[in-house]
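Residues per chain are reported as follows:
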Amino acid sequence: MSSKTIHQSAYKHVSGASVYVDDIPVHNQLLHGYVLYSPHAHAAIRSLKTEKAANMPGVAAVLSAKDIPGINQMGPIVHDEPCLAEDEVHFVGQAICLIAAETEERARQAAATIEIDFEELPAVLSLKQAMAVQSLMGPERKIERGQVQQALKEAPLRLNGSFESGAQEHWYLETQTALCLPGEDREYMVYSSTQHPSETQAVVSEVLGIPRHAVTVEIRRMGGAFGGKETQANHVAAWAALLSNATRRPVKLRLFRDDDQIMTGKRHPFYIRYEVGFDEQGRILALDVEQNANGGSATDLSFAILERAMFHADNAYYIPNMRVIGRVWKTNLPSNTAFRGFGGPQGIVAMENIIDRIARQLSLDPLEVRRINFYDMYKRDTTHYGQKIKQNHLPAMYKQLTASADYFERRKLVEAFNTQHEFVKRGLACTPVKFGISFTTAFLNQAGALVHVYQDGTVQVNHGGTEMGQGLHTKMRQIAAAELGVDQDRILITPTNTSKVPNTSATAASTGSDLNGMAVKNAVDKLKFRMAYQVTEYFNQMDEQNYTLSKHIMFKNNKVFDATNPDRTISFEKAAQICYFNQIPLSATGFYKTPDIYFDRETGQGTPFHYFAYGMAVSEVEIDLLTGQHTLLRTDILHDVGDSVNPDLDIGQIQGAFVQGAGWCTMEECKWDESGHLLTHSPDTYKIPGIHDIPRDFRVQLLQKAPNEGTIRQSKAVGEPPFMHGLSVWFAIKDAISSIDGHKREPELGFPATNEAIVMAAKQFLD
Amino acid sequence: MPNKKKPSSLSRRQFIKGVSTGVAGTIATTKLARALPIEKLEKAAPPEGHLPLELKVNGKPYQLYVEPQTTLVEVLRNELQLTGTKVSCNHGECGACTVLLDGKAVYSCHILALDAQGKSVTTIEGLLNGEELHPIQKAFIKKDGYQCGFCTPGQIMSTQALLLKNPNPTKEEILDGLSGNLCRCGAYPKIIESVEEAAKVK
Ligand code: FES
Ligand code: FES
Chain X
227 MSSKTIHQSA
237 YKHVSGASVY
247 VDDIPVHNQL
257 LHGYVLYSPH
267 AHAAIRSLKT
277 EKAANMPGVA
287 AVLSAKDIPG
297 INQMGPIVHD
307 EPCLAEDEVH
317 FVGQAICLIA
327 AETEERARQA
337 AATIEIDFEE
347 LPAVLSLKQA
357 MAVQSLMGPE
367 RKIERGQVQQ
377 ALKEAPLRLN
387 GSFESGAQEH
397 WYLETQTALC
407 LPGEDREYMV
417 YSSTQHPSET
427 QAVVSEVLGI
437 PRHAVTVEIR
447 RMGGAFGGKE
457 TQANHVAAWA
467 ALLSNATRRP
477 VKLRLFRDDD
487 QIMTGKRHPF
497 YIRYEVGFDE
507 QGRILALDVE
517 QNANGGSATD
527 LSFAILERAM
537 FHADNAYYIP
547 NMRVIGRVWK
557 TNLPSNTAFR
567 GFGGPQGIVA
577 MENIIDRIAR
587 QLSLDPLEVR
597 RINFYDMYKR
607 DTTHYGQKIK
617 QNHLPAMYKQ
627 LTASADYFER
637 RKLVEAFNTQ
647 HEFVKRGLAC
657 TPVKFGISFT
667 TAFLNQAGAL
677 VHVYQDGTVQ
687 VNHGGTEMGQ
697 GLHTKMRQIA
707 AAELGVDQDR
717 ILITPTNTSK
727 VPNTSATAAS
737 TGSDLNGMAV
747 KNAVDKLKFR
757 MAYQVTEYFN
767 QMDEQNYTLS
777 KHIMFKNNKV
787 FDATNPDRTI
797 SFEKAAQICY
807 FNQIPLSATG
817 FYKTPDIYFD
827 RETGQGTPFH
837 YFAYGMAVSE
847 VEIDLLTGQH
857 TLLRTDILHD
867 VGDSVNPDLD
877 IGQIQGAFVQ
887 GAGWCTMEEC
897 KWDESGHLLT
907 HSPDTYKIPG
917 IHDIPRDFRV
927 QLLQKAPNEG
937 TIRQSKAVGE
947 PPFMHGLSVW
957 FAIKDAISSI
967 DGHKREPELG
977 FPATNEAIVM
987 AAKQFLD
Chain F
2 MPNKKKPSSL
12 SRRQFIKGVS
22 TGVAGTIATT
32 KLARALPIEK
42 LEKAAPPEGH
52 LPLELKVNGK
62 PYQLYVEPQT
72 TLVEVLRNEL
82 QLTGTKVSCN
92 HGECGACTVL
102 LDGKAVYSCH
112 ILALDAQGKS
122 VTTIEGLLNG
132 EELHPIQKAF
142 IKKDGYQCGF
152 CTPGQIMSTQ
162 ALLLKNPNPT
172 KEEILDGLSG
182 NLCRCGAYPK
192 IIESVEEAAK
202 VK
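As given, the protein sequences belong to chains X and F, one line each in that order.
Quick note on the working numbering: the first sequence kicks off at 227 and runs consecutively.
Quick note on the working numbering: the second sequence kicks off at 2 and runs consecutively.
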């Protein structure tokens, strides 16, 4: 399934006609919402005076916790996150008051008049501080296989150490936005830039104290999300709904860029400690890992994120004896949250660094150590949590990519270059990824769809997934068209709406097209079954001698026909009309749940993933040891998306994920001051990759002839796995630094490898 | 970003404060509308603190009263309903709000509406000829130069500014011309291909 398909929103994206939440036209009753948030990381609220603000002209409402009609909660899983602070604040950026006013400016002016008397309290601001004071978010988790302690003891060689990775700001171009319109009685229509409309609906109904059936949440598209709108979009929607409820007017709340960066959670920083045992060839015999995640002030999705980090602590390698312990620590920072990869990158980067260290100790090319530790096709093929790896593409991809990227030849060239240059060094690294696809909470792996066929032969498709730039709607339209045998322009994908498909899961974990594609297919199959039956009757009534069997009816090229008797052909719209006149419903719901996945948290064993997606990347960098600047000379990526539904979209996802991953590894750094204020809260201090930061030479290939069993059109998920390719840049930089003294010593390279970190690491060798 | 107008050492807030106190003294506290269509105001005196603004947008002349601190993007989006121009950072840092002012790319979040006095503004909507897409817009479709689409209007306007100045840019010139436009989806490789395609067909 791979002919060029135009993006569902192509015309609108390039003409400025695509409607995002902030672009929805609203009548002149609109009020603008604003959030007053905590300036302290931890403080008691002694008093709160809002009268001045409330009495300002142009101000319609000023709300605090006591004004919430329902439950003052917006924690998605654990109810530990108040919607508005009551008597304590737990991080800088925590919402305290909401203001609705005629203009954004007036709302801000009103907020400035609110008087709050705080009493500052001691705050826990870093992971290490949280660990020192034992500020645990919940019980620790463990996954274990084999005899780790004994195998470590018996291993010929051992290493121990730690790895720290930092926060990452989502920096979706469209900041968190919601628009709430009051309806009749206590009904509300919420347009929310959310990845999880059903949860947004649930949170809005809870804070308003009304049943879910009274709240409809709709989203046509987001201007980027990357996980940042999986739970934290709920907050903005709940705040807009509270203001709308208090004023009975439409309220729009759009976070300003800096406020968005200050108020919302980021990728979890991790501090990982390990001990590894291995042999002289570099084969890993035992690994003991302890992962510590900085959860921020509330639970949010932290335990699911930790779990994915633990599942990916092996990355692509078979480790016979392995123990992973995971802990989430509570700090006085915004609650950290989902971000593309969802803990996977944090677990994987630590494993890759272990490999890198082993290689350096043994004076081997790290790629050789990677290769001999890959999961095998037959024997060494079970993960530490007991899932058997099927259709393992790693060995084949290794062969293909090292050849197409000319890895071994370039390794020689890089070393030659480095012997000739003193202050400019080149580095090369190849990193693999194996990424598990499914929500690790098994019941979330479900999706719904609603498909209507109209009498003119056009079709409306609605499904539970949300569009955030990944091209989900484009893929769903392709799938619906292919399954119904009609042209794509007959299919209209309507905005995601909780009143069309209820009780959906978040569009997350890269599962969007896997789950929703199957649900759409299920609905289409039902419709085709009904239509085929009616068309059979119709053909047989025309001519009773010649018998058509329902199973021979085909749908193709906008036609419905008897495959054994091509004379019997009618148009798709004619088939729809026949059904209508025969009083047959032309609307169907579809549903899908991923089969055969489970995980037992008690024993730490199971098959949590439907399948794995694989990939491999080679990056070459050049670094200037004196300025710390790096240039990304070339990146080659080979990635497995099964049988691609849309190669153009998939390649775009791979390129984009790589850029974002490389950003995390090299330039994106969140810094807080000693009182917990984010210092990097605007684009001048927080750098995301720009157009100059992509590889000079960038080659992305899809693995060919690798259909995936048991998924929609034999395709694979693509959103998150290629994020890990960005790691190849960090390891290439490290390789360049370690070349300074012939790869004998381990560079102490910080993560991210900013200019400063590169200079510092190089200094160790130059001094 | 050579052709983006950006006051160098002043933050936006200082910049705006400086201008507004110089021109209008206090910001209107009773009149909350930031800008009103002139037809509604012709009979009345201009609202307190508002100043007249005349500009051309996509070839069409407009006359409005605006408060001095109103930015160009606020006029475009809120008053003229031209929502194709996006606001992301509102800081003059990301390029989402890029429009052309007399043919040069500017960050419309970072320029006061009054600075466009008497000038000609082109927005993404203004590139179309009726329903017919501009060749640059077609090139972005052909090469999939977008993912979420939020940065796309800005990318296309910067491309237009670049190609007006330099119809045959080298790869390096393309990178420089678009370096003021961030894309968090990382669609850069396909954006570059789109610009190359646009330069080819022009
Ligand atoms: S919104 Fe104007 S530059 Fe970012
Ligand atoms: S396409 Fe999403 S930010 Fe550029």
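Among the hints, erroneous ones may be present.
[Stated by the list, open to error] In silico SDA-like cross-links for lysine to any residue, where the CA-CA straight-line distance does not exceed 25 angstroms:
(1) X:Lys238 - F:Glu55
(2) F:Lys143 - X:Asp869
(3) F:Lys172 - X:Arg716
(4) F:Lys144 - X:Leu718
(5) X:Lys238 - F:Gln118
(6) F:Lys143 - X:Thr667
(7) X:Lys238 - F:Ala46
(8) F:Lys61 - X:Val245
(9) F:Lys57 - X:Leu718
(10) F:Lys144 - X:Leu859
(11) F:Lys139 - X:Asp869
(12) F:Lys61 - X:Ala243
(13) F:Lys143 - X:Thr231
For the record, the hints were derived by calculation from the structure and aren't laboratory data.
Structure-based check of each hint:
Taking the CA atoms of Lys238 of chain X and Glu55 of chain F, the gap is about 29 angstroms. The hint is violated against a cut of 25 angstroms. Proximity of Lys143 of chain F to Asp869 of chain X is assessed by CA-CA distance (about 23 angstroms); at most 25 angstroms being required, the pair is judged to hold. For the suggested pair Lys172 of chain F and Arg716 of chain X, the alpha carbons sit about 39 angstroms apart, so the restraint of at most 25 angstroms is broken. Proximity of Lys144 of chain F to Leu718 of chain X is assessed by CA-CA distance (about 23 angstroms); at most 25 angstroms being required, the pair is judged to hold.
With a C-alpha separation of about 30 angstroms, the suggested pair Lys238 of chain X and Gln118 of chain F falls outside the 25 angstroms cut-off, and the hint is violated. Between Lys143 of chain F and Thr667 of chain X, the direct Cα distance comes to roughly 40 angstroms. Violation of the 25 angstroms bound is thereby established for this hinted pair. Our distance criterion of 25 angstroms between C-alpha atoms is broken by Lys238 of chain X and Ala46 of chain F, whose separation comes to about 40 angstroms. Proposed proximity of Lys61 of chain F and Val245 of chain X is supported: the alpha carbons are some 23 angstroms apart, at most 25 angstroms.
This hinted pair does not check out: Lys57 of chain F and Leu718 of chain X have alpha carbons roughly 37 angstroms apart, beyond 25 angstroms. A hinted pair counts as satisfied when its Cα atoms are at most 25 angstroms apart, and Lys144 of chain F with Leu859 of chain X qualifies at roughly 23 angstroms. Between Lys139 of chain F and Asp869 of chain X the CA atoms are separated by roughly 28 angstroms; this puts the pair beyond 25 angstroms, and the hint is violated. At roughly 19 angstroms between alpha-carbon atoms, Lys61 of chain F and Ala243 of chain X fall within 25 angstroms of each other, so this suggested pair holds.
For the proposed pair Lys143 of chain F and Thr231 of chain X, the alpha carbon gap of about 10 angstroms is at most 25 angstroms, so the pair holds.
Checked against the numbered hints listed earlier, the structure breaks hints 1, 3, 5, 6, 7, 9 and 11; every other hint is satisfied.
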